[in-house]
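*Asks:* Given next are the chains, with one letter for each unit.
There are 2 protein chains.
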Amino acid sequence: MKKKMNIVIVGLGNIGSYFYNYLRKNKKIIFNKTNTIPNILFVSSRSFVKKRNFPLSKKIWLKDCLLATKNKNVDIIIELIGGAEGTAKKLVFEALKNKKHIITANKALVAKHGDQLSKIAEKNKVNFEFEAAVCGGVPIIRSIKEGLVANNINKISGILNGTSNYILSSMDNDKLEYKDSLSNAKKLGYAESNPASDINGEDVASKLKILTALAFNSFINNKIITVEGIKNIDQIDINNANQLGYKIKLLGVAESRKNKIIQRVHPALIKEKSYIAKVGGVLNAVIVESNPVGKTVLQGEGAGPGPTTSSLISDLCSVLRGNVKFPFVLPYKKRKFGYFENIDNKKFSVYLRLDVKDRHGILSDITKVMATNKVSIKRLIQNPTINKKNASIVIITHEAKSSSFVKVLSTLKKKNYIVNIPKIIRIEKV
Amino acid sequence: MKKKMNIVIVGLGNIGSYFYNYLRKNKKIIFNKTNTIPNILFVSSRSFVKKRNFPLSKKIWLKDCLLATKNKNVDIIIELIGGAEGTAKKLVFEALKNKKHIITANKALVAKHGDQLSKIAEKNKVNFEFEAAVCGGVPIIRSIKEGLVANNINKISGILNGTSNYILSSMDNDKLEYKDSLSNAKKLGYAESNPASDINGEDVASKLKILTALAFNSFINNKIITVEGIKNIDQIDINNANQLGYKIKLLGVAESRKNKIIQRVHPALIKEKSYIAKVGGVLNAVIVESNPVGKTVLQGEGAGPGPTTSSLISDLCSVLRGNVKFPFVLPYKKRKFGYFENIDNKKFSVYLRLDVKDRHGILSDITKVMATNKVSIKRLIQNPTINKKNASIVIITHEAKSSSFVKVLSTLKKKNYIVNIPKIIRIEKV
Numbered sequence: 001m002k003k004k005m006n007i008v009i010v011g012l013g014n015i016g017s018y019f020y021n022y023l024r025k026n027k028k029i030i031f032n033k034t035n036t037i038p039n040i041l042f043v044s045s046r047s048f049v050k051k052r053n054f055p056l057s058k059k060i061w062l063k064d065c066l067l068a069t070k071n072k073n074v075d076i077i078i079e080l081i082g083g084a085e086g087t088a089k090k091l092v093f094e095a096l097k098n099k100k101h102i103i104t105a106n107k108a109l110v111a112k113h114g115d116q117l118s119k120i121a122e123k124n125k126v127n128f129e130f131e132a133a134v135c136g137g138v139p140i141i142r143s144i145k146e147g148l149v150a151n152n153i154n155k156i157s158g159i160l161n162g163t164s165n166y167i168l169s170s171m172d173n174d175k176l177e178y179k180d181s182l183s184n185a186k187k188l189g190y191a192e193s194n195p196a197s198d199i200n201g202e203d204v205a206s207k208l209k210i211l212t213a214l215a216f217n218s219f220i221n222n223k224i225i226t227v228e229g230i231k232n233i234d235q236i237d238i239n240n241a242n243q244l245g246y247k248i249k250l251l252g253v254a255e256s257r258k259n260k261i262i263q264r265v266h267p268a269l270i271k272e273k274s275y276i277a278k279v280g281g282v283l284n285a286v287i288v289e290s291n292p293v294g295k296t297v298l299q300g301e302g303a304g305p306g307p308t309t310s311s312l313i314s315d316l317c318s319v320l321r322g323n324v325k326f327p328f329v330l331p332y333k334k335r336k337f338g339y340f341e342n343i344d345n346k347k348f349s350v351y352l353r354l355d356v357k358d359r360h361g362i363l364s365d366i367t368k369v370m371a372t373n374k375v376s377i378k379r380l381i382q383n384p385t386i387n388k389k390n391a392s393i394v395i396i397t398h399e400a401k402s403s404s405f406v407k408v409l410s411t412l413k414k415k416n417y418i419v420n421i422p423k424i425i426r427i428e429k430v
Numbered sequence: 001m002k003k004k005m006n007i008v009i010v011g012l013g014n015i016g017s018y019f020y021n022y023l024r025k026n027k028k029i030i031f032n033k034t035n036t037i038p039n040i041l042f043v044s045s046r047s048f049v050k051k052r053n054f055p056l057s058k059k060i061w062l063k064d065c066l067l068a069t070k071n072k073n074v075d076i077i078i079e080l081i082g083g084a085e086g087t088a089k090k091l092v093f094e095a096l097k098n099k100k101h102i103i104t105a106n107k108a109l110v111a112k113h114g115d116q117l118s119k120i121a122e123k124n125k126v127n128f129e130f131e132a133a134v135c136g137g138v139p140i141i142r143s144i145k146e147g148l149v150a151n152n153i154n155k156i157s158g159i160l161n162g163t164s165n166y167i168l169s170s171m172d173n174d175k176l177e178y179k180d181s182l183s184n185a186k187k188l189g190y191a192e193s194n195p196a197s198d199i200n201g202e203d204v205a206s207k208l209k210i211l212t213a214l215a216f217n218s219f220i221n222n223k224i225i226t227v228e229g230i231k232n233i234d235q236i237d238i239n240n241a242n243q244l245g246y247k248i249k250l251l252g253v254a255e256s257r258k259n260k261i262i263q264r265v266h267p268a269l270i271k272e273k274s275y276i277a278k279v280g281g282v283l284n285a286v287i288v289e290s291n292p293v294g295k296t297v298l299q300g301e302g303a304g305p306g307p308t309t310s311s312l313i314s315d316l317c318s319v320l321r322g323n324v325k326f327p328f329v330l331p332y333k334k335r336k337f338g339y340f341e342n343i344d345n346k347k348f349s350v351y352l353r354l355d356v357k358d359r360h361g362i363l364s365d366i367t368k369v370m371a372t373n374k375v376s377i378k379r380l381i382q383n384p385t386i387n388k389k390n391a392s393i394v395i396i397t398h399e400a401k402s403s404s405f406v407k408v409l410s411t412l413k414k415k416n417y418i419v420n421i422p423k424i425i426r427i428e429k430v
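Chains as they are written, first to last, in this note's numbering: chain A, 1 to 430; chain B, 1 to 430.
Calculated from the structure, these hints are not laboratory results. Just so we're clear, the structure is a prediction, and the values are computed from it rather than from any experiment. All residues carry an ideal CB built from backbone N, CA and C; glycine is no exception. You may find that some hints are simply not true.
Claimed, not checked - Here are the computed distance ranges between Cβ atoms for each label pair: (1) Asn242(B) x Arg379(A): 27 to 33 Å; (2) Ile40(B) x Ser376(A): 51 to 57 Å; (3) Lys429(B) x Asn35(A): 34 to 40 Å; (4) Arg24(A) x Glu399(B): 58 to 64 Å; (5) Ile60(A) x Asp64(B): 56 to 62 Å; (6) Lys97(B) x Lys25(A): 35 to 41 Å; (7) Lys28(B) x Lys25(A): 44 to 50 Å; (8) Val369(A) x Asn173(B): 39 to 45 Å; (9) Asn71(A) x Glu399(B): 43 to 49 Å; (10) Asn35(A) x Gly245(B): 23 to 29 Å; (11) Gly322(A) x Asn291(B): 22 to 28 Å.
Stated by the list, open to error - Just a few of them, taken from the derived set where beta-carbon distance is under 10 Å, the chain B residues facing chain A: (12) Gly13; (13) Asn26; (14) Lys278; (15) Val279; (16) Val288; (17) Val329.
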C-alpha cells in the first residue's frame with residue numbers, strides 16, 4: 001500500500017491560492033520524489049464564497065480551521081494566514097500540541113514564538129518548518145540546517161527585503177526621490193498598500209532574528225537589535241554614494257565576535273564593486289561567513305507566490321520523506337541564550353551628510369566636534385551649494401564607535417548653522 | 001541508550017586528513033545536531049607509516065579498506081580515494097551491495113557509475129551521498145534535491161571549476177598570458193602538478209553530468225556533451241573582451257528546451273555587468289533557472305579541504321539523522337533517459353578573432369565566407385596591427401547555428417591570409 005499523508009491548507013490569499021493550485025497539479029511528481037502521497041484533505045479560509053479563479057470543492061472546505069488540529073486524520077497543517085497573534089498563533093500552537101506537522105510562511109509568528117513552538121514540536125516529534133518565512137524562494141534555512149551544518153558561522157548578512165531593495169535600486173537607476181520610488185513600487189505590486197514593515201526594517205528584523213538563532217545556536221532575541229529603515233535616504237545620498245564608489249542597500253546583519261552577538265538592520269554604503277551591490281530590484285541575497293567553508297552566497301527571489309511556494313513545497317517534501325529535524329538545528333535544551341550586545345561599541349566608518357549655512361568657520365567647528373568625540377575624517381567633500389545660502393558637506397569617517405557618532409550627531413543637531421537633520425549612514429564591508 | 005553509527009574513512013590525502021581531524025574534533029556538536037554519535041571505527045589509506053601532523057592510532061587502522069564493506073559493525077563508509085575505477089570503484093560498489101551508506105567526494109566515479117550505484121543504494125535502502133563531488137562547499141546538490149525540489153528546472157549553469165576560474169581571472173587582473181597564469185596557479189596551490197582535467201574542461205564536464213541528471217530527472221549522459229577547455233584563450237582575447245564590455249569565463253551549462261537537453265562546457269564571453277562576471281579567483285557559482293522560483297544563485301568556495309569537508313559533514317549529518325533519500329531525486333525506475341542533443345543546432349552569438357596578413361581584399365573575403373554560411377556580423381573591429389605585416393580582426397556575430405560557425409572556421413582555416421588558427425568564443429547570456 002502506498003504511504004499517504006493528509007494535508008490541511010489554512011489561508012487562501014495570494015500565497016495560499018498559488019500554493020493550493022501548485023500542490024494539486026504537482027501531486028504525482030511530489031509523490032515520485034518522496035514516495036508519499038500528498039493528499040489535500042481540507043482547505044480553510046475566511047470565506048468559501050469569495051470569488052476565485054480556480055475550482056474549490058465544498059467537500060474539502062473546512063469552516064473552522066482549528067478543528068483541523070484535533071482531527072485524527074490530519075498529518076500536516078500549512079499555515080498561510082500571517083501575523084504573530086490571533087488565529088495563526090492559535091492554529092500553530094494547537095496543531096503542534098496535537099502532534100500535527102506544521103509548515104508556515106509566517107515570519108512574524110516564528111520570530112516571536114519560534115522558540116516555544118520548536119520546544120513543543122520536538123517534544124511531540126513532529127516537524128515545525130519555516131523555510132518560506134525567510135527570503136521567499138532562497139533556500140537559506142535549509143542551507144544553514146543541512147548544507148552548511150558542519151560550519152561554525154561567524155556572520156550572516158544580506159539583503160533580506162525585496163520591497164526596500166526595489167525602492168533603493170529604483171532611486172538609483174531612475175534618479176527618483178524616495179517617495180516617488182515607493183509610489184512606483186506600489187503601482188508595480190512590489191510594495192503593499194501599507195508598506196510600513198518593509199520600509200522601517202521590521203520585516204528584515206523578523207527574518208534576521210530567525211537567521212541569528214539558526215546561525216548561532218541561540219534562542220531568538222527580540223530585544224537587543226538595532227532596526228533602522230530606509231525612509232530617510234534621499235536621492236542626494238544615493239548620488240553622493242555613487243560618486244564615492246558605493247551603493248546604498250538595506251542590510252540585515254548578525255555577527256558573533258568573542259561570543260557576543262550583534263543583530264542590526266540598517267541602510268549601509270557598500271562598495272559598488274562588491275557582489276551584493278549588484279543585487280538589484282526585488283532580489284534577496286544572503287551571505288554566510290563560516291568555518292571551514294568560507295563565504296557562501298545564496299541569491300534569489302525573496303517574495304511572491306511562486307518563490308514562496310517553492311519553499312513551502314520543499315518543507316512539505318521534507319515532512320513527506322519523514323525527515324524530522326530539530327527546528328533550530330540544535331535541540332531546545334542545547335540552545336543557548338547567547339550573549340547579545342547592542343551596537344554601541346561596534347566600530348564603523350560612516351557617511352555623514354550635513355546641510356549647513358554657507359558661512360565662515362563652520363567647517364572648523366564641525367571638525368572640532370568630531371575630534372572631541374574621537375571621530376576622525378577620512379574624506380570630506382563640500383558639494384556645490386544647494387541654494388545660494390546653504391552648502392552640503394559630505395564626510396567619510398575613519399572607524400569609530402557607534403556611540404561616538406551618536407554624540408557627534410546630538411551635538412551637531414543643536415548648532416544653528418545646521419539646516420537639515422544630519423544624515424548618517426554606516427559603511428559596511430561585504 | 002544513545003544512538004551511534006560507525007564510520008570508516010578511506011583515503012587520508014589532503015581532503016581525507018582534514019576531514020578525519022574535523023570529524024574527530026566536532027563529534028559532540030554533530031551529535032547535538034543529529035542525535036546520533038558519529039563514531040570513527042576505522043580509517044584506511046595506502047600507508048600507515050607515512051608522516052602525518054596529527055595522531056593516528058594503530059587501533060583504528062584498517063589495512064585493507066575492502067574489509068570494511070563486509071564488517072557488520074560498519075554503518076557508513078566515506079570514500080576519499082578518487083578516480084572512476086580501481087579501489088574507489090570496488091569499495092563503493094561493494095559497500096552499497098553490503099548495505100553500507102556511502103558518502104563520496106569522487107566526481108569522476110559518480111559521473112561514470114552514479115546511475116548503477118544509485119540503483120543498488122535504493123534497492124538496499126542506504127544513502128549514496130555526493131554533495132562534495134560538485135563544487136566543494138557550495139550546497140548545490142542538496143539545494144536541487146531539497147531546497148528547490150518543487151521546481152521545474154530549465155537551465156543550470158555556472159562556474160564549476162576554481163582552477164580555471166583562477167587562471168582566467170588572473171590573466172585578466174594581472175595581464176598575464178595563459179602559461180604564466182597557470183604557472184602562478186601551480187605555485188599558489190590552485191592548480192595541481194597535472195592540471196589537465198581542470199583546464200581541458202573534463203572536471204567541469206563530470207560535475208555538469210551529475211547536475212544535469214539531478215536537474216532534469218534523467219540518467220547521466222556521458223556521450224552527448226560538448227567539452228572545450230581554456231588553453232586556447234590568449235591575453236589578447238581577454239583584452240578584446242574587456243574592450244567590448246565582456247569577461248571570459250569557463251562555463252558549464254545544461255539546458256532543456258522542448259524536452260531536448262543540451263550539455264556543454266566551454267569558455268564564454270559574458271557581460272561584464274552580469275553577476276557571474278564578478279565571480280573571480282577560485283570561487284564557484286551555480287545559477288539555477290526554474291519554475292516557480294525563478295533564478296537562484298549559489299556561490300562559494302569550490303574546492304579545498306575546508307569546503308569539501310563542509311559538504312562531507314553535511315552528507316554525514318543527513319545519514320546520521322536517518323534521512324534516506326533517492327540519490328538522484330527520483331527513484332531509479334522513474335528516471336528517464338532524456339533526449340540529449342548535441343550543440344550543432346544551438347544558436348549563439350560569437351566572438352571571432354582572425355589574425356590575418358594585412359593586405360587588400362581580405363575583409364571582403366572574410367565577410368563573404370560568413371554570409372555564405374548565414375553568419376551575419378554585428379560588430380567588427382580591426383585592431384592595430386600585431387606587427388607590420390599582420391592585422392587582428394575581431395568580429396562579434398549575430399546569432400547563428402553552432403554548425404554554421406564550424407563551417408566558417410573550416411573554410412577560413414584554409415585561406416592563405418590567415419596567420420594563426422582562428423579563435424572563436426561563444427557569447428553567453430547569463
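*Asks:* Taking the hints in turn, state whether each one holds.
*Replies:* Going through the hints against the structure:
1. The given range of 27 to 33 Å is respected by Asn242(B) and Arg379(A), whose C-beta atoms sit roughly 29 Å from each other.
2. A beta carbon spacing of about 53 Å between Ile40(B) and Ser376(A) agrees with the range 51 to 57 Å that was offered as a hint.
3. A hinted range of 34 to 40 Å holds for the C-beta pair Lys429(B) and Asn35(A), which are about 38 Å apart.
4. Between Arg24(A) and Glu399(B) the C-beta distance comes to about 39 Å, which lies outside the given range of 58 to 64 Å.
5. Ile60(A) and Asp64(B) have their C-beta atoms about 59 Å apart, which keeps the hinted 56 to 62 Å range intact.
6. At about 39 Å, the beta-carbon gap between Lys97(B) and Lys25(A) stays in the expected band of 35 to 41 Å.
7. As the Cβ distance of Lys28(B) to Lys25(A) is approximately 45 Å, the hint placing it in 44 to 50 Å holds.
8. A C-beta distance of roughly 42 Å is found between Val369(A) and Asn173(B), which places it inside the suggested range of 39 to 45 Å.
9. At roughly 57 Å, the beta carbons of Asn71(A) and Glu399(B) sit outside the given window of 43 to 49 Å.
10. The supplied range of 23 to 29 Å is broken by Asn35(A) and Gly245(B), whose beta-carbon atoms lie about 49 Å from each other.
11. Checking the proposed 22 to 28 Å range against Gly322(A) and Asn291(B) shows it holds: the Cβ atoms sit about 27 Å from each other.
12. Given hint, Gly13(B) at the interface with chain A, is violated; its Cβ is 16 Å from that chain's nearest Cβ, farther than 10 Å.
13. Using the Cβ-Cβ criterion of 10 Å, the hint placing Asn26(B) at the interface with chain A is satisfied: the shortest such distance is roughly 7 Å.
14. With a least beta-carbon distance of about 6 Å to chain A, the hint placing Lys278(B) at the interface is held under the 10 Å criterion.
15. The beta carbon of Val279(B) is positioned within 10 Å of a beta carbon in chain A (closest approach about 8 Å), and the interface hint is therefore held.
16. Look at Val288(B): its Cβ gets to within about 9 Å of chain A, closer than 10 Å, so that hint holds up.
17. A cut of 10 Å between beta carbons decides the hint on Val329(B): the least distance to chain A is about 6 Å, and the hint holds.
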